[in-house]
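> Here is what each chain is made of, one letter per residue.
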Amino acid sequence: MLEITDLVHSYGSHRVLDGVSIRAAEGELVCVVGPSGCGKSTLLRSVAGLIRPTGGRVLIGGQPVDRIPDNLAVVFQDYSRSLYPWMTAANNVALPLRRRGLDRRRRREAAMAALDQVGLADAAAKYPWEMSGGMQQRVSIARALAYRPSLLLMDEPFGSVDAQTREDLEDLVLRVCAHHGMTTLLITHDIDESVYVGDRVIVLTRSPARVAADLPVDLGESRDQIATRQLDAFVRLRAEVGRLVRGGSPTSTVLEKQ
Amino acid sequence: MEHARVLRGVAGVAGFLAAAEIVGATGLIDDRFLPRMSTILRGAAELLVDQEFLADARASLAAWGLGLLLTVAVAVPAGLALGALPPVERAVRPLIEFLRPIPSVAIIPLAILLFSDNLHLRVAVVVYAASWPIVINTIYALRDVDPLAKETLRSFGFGPVSVLLRVALPSAAPFIATGIRVAAGTAVILVISAELLAGGAEGIGIYITEAASGNRMDLMLGAALWAGLFGVLSNTALVAVERRLFRWHDVRTGAAR
Ligand SMILES: Nc1ncnc2c1ncn2[C@@H]1O[C@H](COP(=O)(O)OP(=O)(O)OP(=O)(O)O)[C@@H](O)[C@H]1O
Ligand SMILES: [Mg+2]
Chain A
1 MLEITDLVHS
11 YGSHRVLDGV
21 SIRAAEGELV
31 CVVGPSGCGK
41 STLLRSVAGL
51 IRPTGGRVLI
61 GGQPVDRIPD
71 NLAVVFQDYS
81 RSLYPWMTAA
91 NNVALPLRRR
101 GLDRRRRREA
111 AMAALDQVGL
121 ADAAAKYPWE
131 MSGGMQQRVS
141 IARALAYRPS
151 LLLMDEPFGS
161 VDAQTREDLE
171 DLVLRVCAHH
181 GMTTLLITHD
191 IDESVYVGDR
201 VIVLTRSPAR
211 VAADLPVDLG
221 ESRDQIATRQ
231 LDAFVRLRAE
241 VGRLVRGGSP
251 TSTVLEKQ
Chain B
1 MEHARVLRGV
11 AGVAGFLAAA
21 EIVGATGLID
31 DRFLPRMSTI
41 LRGAAELLVD
51 QEFLADARAS
61 LAAWGLGLLL
71 TVAVAVPAGL
81 ALGALPPVER
91 AVRPLIEFLR
101 PIPSVAIIPL
111 AILLFSDNLH
121 LRVAVVVYAA
131 SWPIVINTIY
141 ALRDVDPLAK
151 ETLRSFGFGP
161 VSVLLRVALP
171 SAAPFIATGI
181 RVAAGTAVIL
191 VISAELLAGG
201 AEGIGIYITE
211 AASGNRMDLM
221 LGAALWAGLF
231 GVLSNTALVA
241 VERRLFRWHD
251 VRTGAAR
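Chains as they are written, first to last, in full-length UniProt numbering: chain A, 1 to 258; chain B, 1 to 257.
Note that these hints are calculated values from the structure, not bench results. A virtual CB, placed ideally from N, CA and C, is assigned to each residue, including glycine. Hints are supplied without guarantee of correctness; some may be wrong.
Stated by the list, open to error - One-sided excerpt, in silico: chain B residues whose CB lies under 8 Å from chain A:
| id | residue |
| --- | --- |
| 1 | Val-145 |
| 2 | Asp-146 |
| 3 | Ala-149 |
| 4 | Glu-151 |
| 5 | Thr-152 |
| 6 | Ser-155 |
| 7 | Phe-156 |
| 8 | Gly-157 |
| 9 | Phe-158 |
| 10 | Pro-160 |
| 11 | Leu-169 |
| 12 | Trp-248 |
Stated by the list, open to error - A short list of chain A residues far from chain B (calculated; beta carbon distances all over 10 Å):
| id | residue |
| --- | --- |
| 13 | Asp-18 |
| 14 | Pro-208 |
| 15 | Arg-243 |
Said to hold, decoys possible - Which residues of chain A face chain B? A few of them, derived with a C-beta cut under 7 Å, are:
| id | residue |
| --- | --- |
| 16 | Ala-48 |
| 17 | Leu-50 |
| 18 | Ile-51 |
| 19 | Leu-72 |
| 20 | Asp-78 |
| 21 | Arg-81 |
| 22 | Ser-82 |
| 23 | Pro-85 |
| 24 | Trp-86 |
| 25 | Pro-96 |
| 26 | Arg-99 |
| 27 | Leu-102 |
| 28 | Tyr-127 |
| 29 | Trp-129 |
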């Protein structure tokens, strides 16, 4: 579904991505972790066709990304700037659904359902500037999920919410992505989260980013916030990812691809 | 807050009127040339029941309204086109830089040659002069639209026209509205200037000319007073409309509500 090959990007002479290769199968949820400033957002923007990378290739469904791909939804890291202040939360969520050819009533219903899923049913009529950062972030997640894209890109989507809400949102994304078979690239700097949510975890090195490791997550299809996090496999994998993010080298106990 | 401000404004105006009256009463100024403030105010009040003045005022108002409407209809699309298409903007920029500094009143003689109908003449000079603030504000506002706001809609697969109309236009709207407000003030000046310079059958400018030639300084200044008051009131009304429509913008920029 998604094939990123030898992606290179420089801002001027400042190299940010240094040959990143990532693959995601149809319906797979791939987490990308890496230190702050290593180039995660740049990677995501290249996949979304918002910047033209200096080198390398991105294929989506076999097609090269030379413009913004069809059927894409992005949750931007800067969620507050990506919501429209002149629209209520419900209208923000409903707007992209115009592309789905839904009539006004159906758009409204879909938007309300998505807001309900992120726990904002009561805030549908509020404007973004009347909401807390965490609420705004949830609106932008609701907007992406309501769109039901075939490729979902999320850039640190749970950064501004409390721990409990974060867990709920992780489970929501897991559920919705699995149910609709969305291929998902989720960027995070939270190591636990990457292991809990991902089918695979890609660890990037410090800038300029390269793939330090590509780790399969063998925790089964269904995950549970308490039980899954207690599994030996979870604990081991989390430790491994943590070590790699800090710049360690892969250990042989975890199967490493690439 | 709001009340205190209005009160201060009223106090300022009242203070000025009182001072002007006192200066007039001292006989320092020959009141054949500049009548006493109380005389001007009485003249202004008289005008309210003067059918001739009221007809003139209506004629000026019509030229102003029509001119402003046409200005918005021309200038907003022009600003959007120039703001959205930088190559076109670069091509037209030298022309704009050349024309804009020319005092708009200076084109009235040209308009007199071009238009035989007085309404057309006034509307034309209003459209020319009042378009600038709207066009310029629209261009700059479009340039300042948050790129991420546009990228968001683009990433959902919306094309450039949709992004322009659904993101860029609403983002720019508060600045376009400010341009329209400035344009409304400019239009008042141009309508009356055109009437003064071009003459004609009806208009506050015509009334002023006639009052002056009849040596009725009180009526002449009274009419000017009403024109000024109209400018203030239309400005206030437009500010109120902006506040209502663009509350989201005021809140974000932290402007007083
Ligand atoms: N538009 C730009 N122009 C120039 N440099 C940029 C631009 N965007 C990002 N950079 C630089 O590229 C590097 C990577 O930025 P990027 O936003 O991709 O990192 P990130 O991994 O997403 O960081 P974070 O975890 O803080 O979100 C940084 O050093 C940043 O300063
Ligand atoms: Mg980032």
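> Kindly indicate which numbered hints from before are broken by the structure, ordering the numbers from low to high.
1, 10, 11, 18 and 27
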